[in-house]
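Student: Modelling step: build the complete structure from the supplied sequences, incorporating the hints.
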Amino acid sequence: MWRNKLLAAARYGCVIAVVFLVVHVCQRALCGPNMLSPLEALGFVLLAGMAMGELVQLIGFPKLTGYMALGVLSGPFGFAFFGIEEMDSLSWMNELAMGLIALTAGSELHMKQLTQGGKSLLWAVCGHAICIPLVMAGVFVALSPYLGLPTQLSFGAVLALSVLWGVLALSKAPADTLAILKETGARHRFAQHVLGVVILTDVMVLILFDLTALFAKASLQPHMHVSLHHLVHLLANLGASCAAGISFGLVIAAWFWLTGDDLRVGITFCIVSAFVVGAGCNYLQYDTLLVFMTAGFVVHNLSGQGLRLEHAVQNLSFGVMILFFATAGASLNLKALVTLWPFALALAGARMLVTFAASYWGHAMAHDPPAWRTRSHAAFISQAGVTLGMANLVAQQLGATGQQIALLTVAVVGVNELIGPVAFKWVLVRQRQYLT
Amino acid sequence: MNALLWLLALAGVASFLPSLYQTGKGQNVLLTPLLLCLGYALSPLGLGFVDAAAVRGMQPAVQLLVTWVALYAGIHMPHPRLWLYHRAFWLQRLGKSCLMAAWVCLGVSALLVVTQLLLVRYPVTVLLQDNTTTMTLAWGLLLTGSQMQLRVWQQGLLASAALILVSDLTLYQLQLLCIVSLGCALAATLLQRFHARQPLCNKDTQQRLVISFVVFTGVASLCAGLSHQLDLPHVCTGFAVGFWLNLTSKQPFEQRRWVSQTAMPAQLVVVVLVGMTLQIPWTWLLWGLGLAMVLALMHFAKAASGSMLHKTSRRIFSYGYAARSTAFAAALLFAGGRAHAPAQLLLAITAIAASVADLMVWLLTKYWSQNKYVA
Chain A
109 MWRNKLLAAA RYGCVIAVVF LVVHVCQRAL CGPNMLSPLE ALGFVLLAGM AMGELVQLIG
169 FPKLTGYMAL GVLSGPFGFA FFGIEEMDSL SWMNELAMGL IALTAGSELH MKQLTQGGKS
229 LLWAVCGHAI CIPLVMAGVF VALSPYLGLP TQLSFGAVLA LSVLWGVLAL SKAPADTLAI
289 LKETGARHRF AQHVLGVVIL TDVMVLILFD LTALFAKASL QPHMHVSLHH LVHLLANLGA
349 SCAAGISFGL VIAAWFWLTG DDLRVGITFC IVSAFVVGAG CNYLQYDTLL VFMTAGFVVH
409 NLSGQGLRLE HAVQNLSFGV MILFFATAGA SLNLKALVTL WPFALALAGA RMLVTFAASY
469 WGHAMAHDPP AWRTRSHAAF ISQAGVTLGM ANLVAQQLGA TGQQIALLTV AVVGVNELIG
529 PVAFKWVLVR QRQYLT
Chain B
204 MNALLWLLAL AGVASFLPSL YQTGKGQNVL LTPLLLCLGY ALSPLGLGFV DAAAVRGMQP
264 AVQLLVTWVA LYAGIHMPHP RLWLYHRAFW LQRLGKSCLM AAWVCLGVSA LLVVTQLLLV
324 RYPVTVLLQD NTTTMTLAWG LLLTGSQMQL RVWQQGLLAS AALILVSDLT LYQLQLLCIV
384 SLGCALAATL LQRFHARQPL CNKDTQQRLV ISFVVFTGVA SLCAGLSHQL DLPHVCTGFA
444 VGFWLNLTSK QPFEQRRWVS QTAMPAQLVV VVLVGMTLQI PWTWLLWGLG LAMVLALMHF
504 AKAASGSMLH KTSRRIFSYG YAARSTAFAA ALLFAGGRAH APAQLLLAIT AIAASVADLM
564 VWLLTKYWSQ NKYVA
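Line by line, the protein sequences are chains A and B.
For the first sequence, the positions run 109 to 544 when this note's numbering is used.
For the second sequence, the positions run 204 to 578 when this note's numbering is used.
All clues stand as given, with none of them false.
Which stretches of chain A does chain B cover? Using the computed rule of at least three CB atoms under 8 Å from a CB of chain B, they are: (1) 125-133; (2) 144-152; (3) 155-162; (4) 414-427.
Label-pair ranges, simulated between beta-carbon atoms: (5) A255/B <-> A188/A: 27 to 37 Å; (6) R538/A <-> Q410/B: 22 to 32 Å; (7) A118/A <-> G249/B: 48 to 58 Å; (8) K220/A <-> P247/B: 52 to 62 Å; (9) A255/B <-> W200/A: 14 to 24 Å; (10) V359/A <-> R460/B: 28 to 38 Å; (11) L114/A <-> Q262/B: 35 to 45 Å; (12) I354/A <-> G249/B: 31 to 41 Å; (13) G191/A <-> L450/B: 28 to 38 Å; (14) S355/A <-> L450/B: 50 to 60 Å; (15) Q262/B <-> G293/A: 35 to 45 Å; (16) G293/A <-> L248/B: 52 to 62 Å.
Over 12 Å on every C-beta distance to chain A, these chain B residues come out as not near it, computed from the model: (17) A244; (18) G249; (19) N449; (20) R460.
By construction, these hints were calculated from the structure, which means they are not laboratory data.
From the three backbone atoms N, C-alpha and C, an ideal C-beta is built for every residue, glycine too.
Tutor: Okay, structure coming up:
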């Protein structure tokens with residue numbers, strides 16, 4: 109067995125070495141440290157990322173850690189094979205990946221399981237939604253003098269920012285959770301439960317984020333006041349997103365009903381529709397994730413086409429996941445992690461502790477099995493695309509203060525992403541007997 | 204963004220077509236000219252739905268798809284073991300090949316004369332610097348050798364690759380091409396374990412297909428990107444990778460099966476993109492139309508003269524020929540990232556000839572399907 113593992117490791121190591129070597133030789137031939145073009149970056153990430161994922165899986169890590177490691181190594185803060193611009197040119201792939209992940213996540217929410225395990229789900233989500241924002245906001249206020257925020261900020265502004273930070277800390281990583289559940293093949297009740305908690309919490313985060321970002325913006329800009337009009341606009345936007353999601357779901361269901369089991373047609377439809385709907389959501393300023401999650405939920409629970417959708421998206425997700433996590437890894441600002449590491453560690457550590465406490469409390473209130481209370485927190489440590497996307501929005505909307513918070517978020521996400529997937533896979537694989 | 208949306212829409216259309224295309228029904232063969240016309244209608248010279256910037260934005264996709272098509276051709280080259288172990292098979296084919304060669308020589312001679320005449324009439328200074336002769340040769344091979352279209356297509360690509368290598372590349376570029384193609388082929392082989400007796404043995408068929416799709420996409424995009432940056436002809440690079448993969452594989456048939464399932468949509472998208480890049484002056488259009496009609500009549504005469512009643516004669520015009528020939532012409536057009544005026548001319552004529560040939564197939568199939576001599 110060990111011999112086979114060593115041979116496989118050597119094979120995948122060879123693939124990575126060969127691809128790196130070819131790219132390096134070609135860059136040398138061009139007489140300078142040229143960046144890879146988007147086409148080259150795509151090929152490089154797909155080949156080397158696939159090998160890296162298999163390689164780290166051999167030593168017990170989740171594949172997505174390998175994809176992210178490749179992104180970090182080859183990205184602008186590593187060997188700089190591709191830069192920020194090249195990553196931007198692949199950003200459409202990220203949007204596509206987020207859409208597909210949200211679609212899958214929505215389709216994993218089964219009405220039957222929601223009603224059967226509703227009590228556990230409700231208490232777990234309540235535990236997280238109450239404990240994490242409150243405690244993390246307190247930690248943020250306590251650390252705020254050392255986080256590099258502008259000194260002239262009023263206490264009200266710091267308070268508003270801390271609540272925003274609490275909401276950011278509440279967000280989870282549906283992509284990571286789905287990837288690890290798929291990799292381990294876990295489909296038991298615990299797996300469905302943690303996925304449900306992650307998705308519902310993220311839906312809540314999407315709503316809360318808009319609200320808290322609005323208040324944070326108002327606290328930083330004296331001339332801006334939050335009025336009822338803003339809140340109505342937010343609510344209308346959410347309603348429109350849900351309506352768009354339901355319509356999109358019905359379109360998907362109709363399509364699969366018409367075209368049947370032709371996998372190739374299904375896959376292409378998923379790509380095209382995800383991209384077009386994503387672009388439409390950006391244009392209309394709808395909540396893209398909410399639209400896709402609602403669509404997935406509708407297809408699976410209100411039509412008989414859920415399995416066809418699942419099959420199509422599963423076939424598509426292999427390549428998309430590699431690209432998504434590799435670009436996520438490449439976009440991790442290692443310089444920020446280097447400069448902010450003590451605070452990043454402190455904030456990430458505090459988040460892990462409060463996540464453990466919230467999970468324990470929520471599951472205890474629901475009278476869940478003891479193993480769930482002590483082990484489920486591992487599923488909620490990871491943070492990835494959703495959080496990074498919100499950090500980008502914070503940087504855009506809140507000026508210099510927002511950029512500092514975004515840097516801090518990226519640093520904390522880096523720590524969480526290093527620990528979260530590994531811990532979750534360890535719990536699913538090694539602690540399986542206690543969970544099922 | 205605009206280019207990407209168009210590309211996705213085209214991919215959506217193309218995903219429907221393979222299942223129709225492979226049914227072998229005559230009316231479906233007409234999809235190729237339809238796709239070409241669609242491309243031309245969408246283009247800036249047509250109705251202008253797609254602007255010139257969008258067409259330019261699609262160039263990386265064209266490079267990727269063309270490289271994919273070349274990779275497909277390379278993988279489908281006959282495996283060397285067949286040459287060694289099945290000599291009788293090849294000897295049997297020799298006679299037919301001689302007959303084919305006669306047709307090829309006739310076609311190539313005619314085409315060379317016509318091309319030279321055209322180039323005398325419309326002098327192009329770039330003639331001595333590009334691979335016009337190669338293109339003419341390969342085009343002739345394509346149009347006169349439709350009976351065994353895939354093999355002829357491969358021969359055309361091989362000839363083209365060889366001539367481009369000899370005429371266009373320096374020794375340094377040749378070394379780089381070898382490094383890129385060998386590296387990509389090695390990576391793909393190791394990832395898919397094509398050197399093993401049971402590739403991806405712990406995966407089910409669907410997983411193998413998905414992995415193959417990702418690996419071939421990765422290889423094609425890396426090849427296309429590196430070739431573009433190093434100014435290498437990406438057709439040659441893709442073809443060389445496919446050839447190396449075929450050479451080192453212990454399961455060539457399984458490998459071909461996997462790549463075949465993903466290649467047809469790429470070819471069909473290329474056909475539409477070719478339609479978008481067509482620039483056909485009226486004089487060229489007339490020349491092309493006339494020549495295409497002559498060639499089509501030659502095919503018809505060949506079919507009608509001796510073997511009309513034989514059931515297999517309908518295969519003279521193999522289905523999918525037009526798509527492949529046009530994709531190949533596109534490959535030549537974009538070879539090395541250089542688009543020359545003669546290449547435009549050849550592409551235009553090929554597109555028209557392909558359309559006429561497809562129409563002929565449709566007519567012949569319709570006729571034969573009602574013929575009492577054919578079961």
